[in-house]
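*Asks:* The primary structure of each chain is shown beneath.
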Amino acid sequence: MLALESVDAAYGDAQALWDVSLTVGRGEIVTLLGANGAGKTTTLRTISGLLRPRRGRVLLDGKRLDTRPAHEVAAAGIGHVPEARRLFANMTVRENLLMGAFRAERWADREATLERVFETFPRLAERRHQLAGTLSGGEQQMCAIGRALMGRPSLLMLDEPSLGLAPNVVDLIFDIIRQVAQGGVTILLVEQNAHLALEIADRGYVMETGRIVLEGAGRDLLEDAHVRRAYLGL
Amino acid sequence: MPWFIVVEQILNGLVLGAIYAIMASGLSLIWGSLKMLNFAHGEFYMLGGYGLYLLLLYTGLPLGVAVPICVAAVYLAGWLVERAFVQPLLDKPGWDVSPLIATLGISIVLQNLALRLLGERIQSLPYFVEGTLALGSVRIAWHRVLILLVSGLVIAAFVSILKTTRLGMALRATAQDRDAATLQGINVRGVYAMTFGLSAALAALAGTMLAPIFSVSPWMGAALLGKAFVVCVLGGLGSLEGAILGGVILGTVESLAVVLWSSEWKDVVSFIVLIGVLWVRPAGLFGTREW
Amino acid sequence: MVKPDRTPQVIWLAGLLVLVVLPAVLPNDYVVTVLILCMLHAVLASSWNFLMGFAGIFSFGHQAFYGLGAYVSALLAMRAGLDPWLGLVVGGLAAAALGAFIAVPTLRLRAAPYIAIATLGFAEIARITASNLVGLTRGELGLVGIPPLTDVGPLRFGAGSRIGSYYAMLGILALTVVTLGWLVRSRVGLALLAIRESQDAADSLGVAVTRYKVLAFAVSSFFAGAVGAFYAHTFLVLTPSTVLSIAIMIELIAMTLVGGAGTLLGPVVGAFALTLSLEQLRVLGDWRLLIYGAALVALILFMPEGVMRRLLPGRRHL
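Chains as they are written, first to last, in the numbering used here: chain A, 1 to 234; chain B, 1 to 291; chain C, 1 to 318.
Be careful, since some hints might not be right.
Unchecked claim - Below 20 Å or equal to it, Euclidean Cα-Cα: the simulated EDC-like pairs (lysine to aspartate or glutamate) are:
(1) B:Lys92 - C:Glu197
(2) B:Lys35 - C:Asp286
(3) B:Lys35 - C:Glu305
(4) B:Lys92 - B:Asp179
(5) B:Lys92 - C:Glu305
(6) B:Lys35 - B:Glu120
(7) B:Lys35 - B:Asp91
(8) B:Lys92 - B:Glu8
(9) B:Lys163 - A:Asp171
What the hints assert, rightly or not - Residues from chain A that face chain B, not an exhaustive set, calculated with beta carbons under 10 Å:
(10) Glu72
(11) Phe88
(12) Arg110
(13) Ala112
(14) Gly183
Treat the hints as calculated values from the structure; they're not laboratory data. By construction, the Cβ of each residue, glycine as well, lies at the ideal position given by its N, Cα and C atoms.
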């Protein structure tokens, strides 16, 4: 469904991605592991069009994505829950969620979608008129995921959804990710918590200093000696 | 001094304040989304004034048609200025100051274009409605009452557009987090141009309404731009509530300073008020609260 | 081994040399006067740039210091017989005192537009006061009868002798650039840079933020005041709208930003470029300002980071 072919990307003069190739098949949960600064977030930003690749191609269902304006990537069916959530802090929860359905073809049935998101996240329904900036960390993460779901994406990309959250909240978030995947949405998950990620992932890629160094089935990676030492602390 | 003169001056101050509020809202809107100061804002006000003057002179269209035409035309002008001169500077080194120079240049060009094409003669326009409203001894021109009504309506409409419509929300979202807005499928560059257009349209509306009171000249915008900046800072840049309250305060202070002291010193009084407010509240009355 | 880069020094020396010998080949007093104005603007722009480019304080009221220096020196010379040369220093000091005074309330503000409007407020108060105190300044009628600078050796000042003023102005410009350049490279400059990049970080590192900012204000205002006094004793007429107008400030911003803020060369190059081009454009008559505005827009579109940074990229000290 999604394919990156030999992608190089850079921030100004600083190259951040080197020859990154990966694929995500329809219905899969794929995870991208790696330390801070390995290029995981950059990879997601390149897929979303926030960053243009210097070389290589990004394909969605065989069609080029990297030549289209960034705001059309959402319309192509990609939902992106960015690092640090990036909510619209001075807008209410409801307004934040509605922005997820901004595209004209989603706006029409926004209220119905909103109800479904509220069913998934009852907490958000309670807080719908609260400013997003005043939510707790876990609620903010729910709101960010909910916002992406409002666009009813076929591929959902999540950037460090567990970051800074209490363990029980993390469990809740991961339950929801599983639920979303069961609903037929393809998932590309960036995580520092390799254990959690590999547990739910079908396949995984490991990134180091802007390159993909390892790939394999989730289970195989869990057993891999390098992954166990470097990312699982075993 | 008779009390009714003071009341009349306060009313006149409110009228002026309403115009300041509209001008300042436009500036604040652009600051909120692009984090830049628009030095050509006064010229959009001037374009509104001249546009109305020329339309009335050459076409004899009724006001109800002429004013909307002016406002729409200046919306396009603002949109065009953003696309042609501001957007190319976005994301380039020097962005913190480069739009200042670009809009300053545009302001100089528009002022002198008006001067060359229309001459430096100050043109006057008739009041939209003649006559005065008398409430006991307090008298106020109907035109000024009209300004108050229209300004109030426009500001209310503007706020409700921002708060409730899809485009208004997209505008606020873009102002708060550009990348996150892009991820929702919002074309932020389109939104920036639209924001500029809206801001220009507000200025043009102020220009058409104030033209009969202050006359039309190539420099009419420059003076008001300074006031609008003061109002923005007084109320808190980027805050719509601040722009409205700031406008009303400045207008009233100026008008009262004229009757209670003298017209030569009125600007000194308003600047002292400004500095005093900033001393107590360094981020303006409404701080950095965003819309 | 990295070879020290001498390009900026070469430019400075070449520029100085040209300015020293230039009067020998200049056709008339008009051209000399234009060059005096170029240098005067260069000093003003450099001093404003010291605040804005190096300390990150976006003042919009530099004209207040320029005008105050001019009026103080002129009035002291007329009323108290103060020697105009001494007036340059006194005018500068008066401006520096006002600068330090304004700095205190202004420094509580963080965002650039707030600082800009607050300083503009002070400057407008100064302008309106000068306009209205007709008994002292004659307001817009203009203060006339200001004594010229007194002759020094072969340098003649006063009516009909522009060459003396030319070299005096060149001296002031050189002094300004050398002093500001020295300050920028000193501990003070480093502290100001730290404050510009992050006020909180500088605070926590023990930089006395307020003291350095007040100092930056005072230094910047001193040069503006001194050159204002020079203006008074050279052109011999003062009105609030020529020395205290916001138009001066806007010109300075354009000069500094076109040349390149935060560099030493930028404001000087910008001042010469814009002052000369405005004079050159006189042949266009009434279309002059229109072309000038369009040129500003075009310039910033092609070189958004300023001319000097574009021509000499990657150098910290320009």
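*Asks:* Give a verdict on every hint.
*Replies:* Hints and how they fare:
1. B:Lys92 - C:Glu197: Status holds; Cα separation ~18 Å.
2. B:Lys35 - C:Asp286: Violated, because 35 Å separates the two Cα atoms, which is more than 20 Å.
3. B:Lys35 - C:Glu305: holds, 17 Å
4. B:Lys92 - B:Asp179: Cα-Cα ~17 Å, so holds.
5. B:Lys92 - C:Glu305: Holds: lysine 92 of chain B and glutamate 305 of chain C sit about 8 Å apart, inside 20 Å.
6. B:Lys35 - B:Glu120: violated, 34 Å
7. B:Lys35 - B:Asp91: Holds, at roughly 12 Å.
8. B:Lys92 - B:Glu8: Violated, because 51 Å separates the two Cα atoms, which is more than 20 Å.
9. B:Lys163 - A:Asp171: Cα-Cα ~35 Å, so violated.
10. Glu72: For glutamate 72 of chain A, the interface hint holds, since the closest Cβ of chain B sits about 7 Å away, which is under 10 Å.
11. Phe88: holds, 5 Å
12. Arg110: holds, 9 Å
13. Ala112: For alanine 112 of chain A, the interface hint is violated, since the closest Cβ of chain B sits about 16 Å away, which is over 10 Å.
14. Gly183: This interface hint is violated because 20 Å lies over the 10 Å limit.
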